[in-house]
Amino acid sequence: MSPTSSSRGRRARRRAASAVGAAVMLACAVNGTAAEGQYWGRAGVSLGAAGSTFGLRLESRTEEDVSDDHYASLALGVERSVMEYLKVGLNYARVDKRGAAGWETEHRPYVDAEVRWSPSRLGIQDRSRLEVRLRDGDRALRYRNRLKLTHPLGGTGLSASVDDEVFVDLEVSELNRNRLTSSVQMRLGSGVSLGVFHAFEHSRTSESWTGLHAVGASLSYSMNVEGRSSK
Numbered sequence: 000m001s002p003t004s005s006s007r008g009r010r011a012r013r014r015a016a017s018a019v020g021a022a023v024m025l026a027c028a029v030n031g032t033a034a035e036g037q038y039w040g041r042a043g044v045s046l047g048a049a050g051s052t053f054g055l056r057l058e059s060r061t062e063e064d065v066s067d068d069h070y071a072s073l074a075l076g077v078e079r080s081v082m083e084y085l086k087v088g089l090n091y092a093r094v095d096k097r098g099a100a101g102w103e104t105e106h107r108p109y110v111d112a113e114v115r116w117s118p119s120r121l122g123i124q125d126r127s128r129l130e131v132r133l134r135d136g137d138r139a140l141r142y143r144n145r146l147k148l149t150h151p152l153g154g155t156g157l158s159a160s161v162d163d164e165v166f167v168d169l170e171v172s173e174l175n176r177n178r179l180t181s182s183v184q185m186r187l188g189s190g191v192s193l194g195v196f197h198a199f200e201h202s203r204t205s206e207s208w209t210g211l212h213a214v215g216a217s218l219s220y221s222m223n224v225e226g227r228s229s230k
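Following numbering that gives the first Met the number 0, the numbering of the sequence shown begins with 0 at its first residue and continues without gaps.
Heads up, none of these hints are tricks.
Straight-line alpha carbon distances no greater than 35 Å define the calculated DSBU-like cross-link-like pairs of lysine-lysine that follow:
(1) Lys96 / Lys147
(2) Lys96 / Lys86
(3) Lys86 / Lys147
Honestly, the hints are just simulated from the structure, not real lab data.
Given these sequences and hints, build the entire structure.
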């Protein structure tokens with residue numbers, strides 16, 4: 000191995016260690032200082048076939064006492080590229096939430112339209128989502144928009160991202176939630192990636208706004224029908 004290659008390898012390892020260390024310190028700091036904190040877990044599997052991607056996504060949320068779960072969702076969907084930079088998707092999610100009256104189920108069909116482009120090494124994604132929320136005979140419409148920026152961390156196999164998502168209740172044309180998320184992802188192998196993230200969610204309740212911190216982890220696996228991992 001040449002001295003140049005060895006030096007590059009050391010720099011890559013230092014970047015990886017710094018990124019992982021920063022993520023761990025962020026998680027610890029949030030857990031230690033957030034008055035209202037939660038733990039979120041996400042998992043997903045996607046399969047590419049004939050120009051479309053079929054996905055299954057799971058999410059759970061607990062309070063600071065991890066045995067106190069209060070949210071679980073399962074989502075199924077298919078997305079397809081209709082232009083070079085545009086993907087559209089049709090999805091359905093079942094969401095179970097525990098409130099003061101016990102567990103309640105929401106059925107949530109939704110459509111996505113996502114624009115993606117990559118100037119230099121920066122990945123930019125702008126996703127619009129229209130949801131129909133069906134709960135106990137009631138129906139509500141909600142619009143969500145998420146802008147996400149992603150950049151690789153050198154040659155470490157790690158990438159960092161930050162995204163901001165707004166939630167608009169279309170029944171009253173009112174912004175009622177904003178979620179800011181920062182994360183670090185690592186590719187573990189062919190099609191497998193692991194991530195850690197911190198989210199700050201600001202929600203409207205009656206006439207005031209409340210804040211919520213959450214830390215969590217995500218695991219995803221993707222492949223195409225030929226058995227090759229997809230990016």
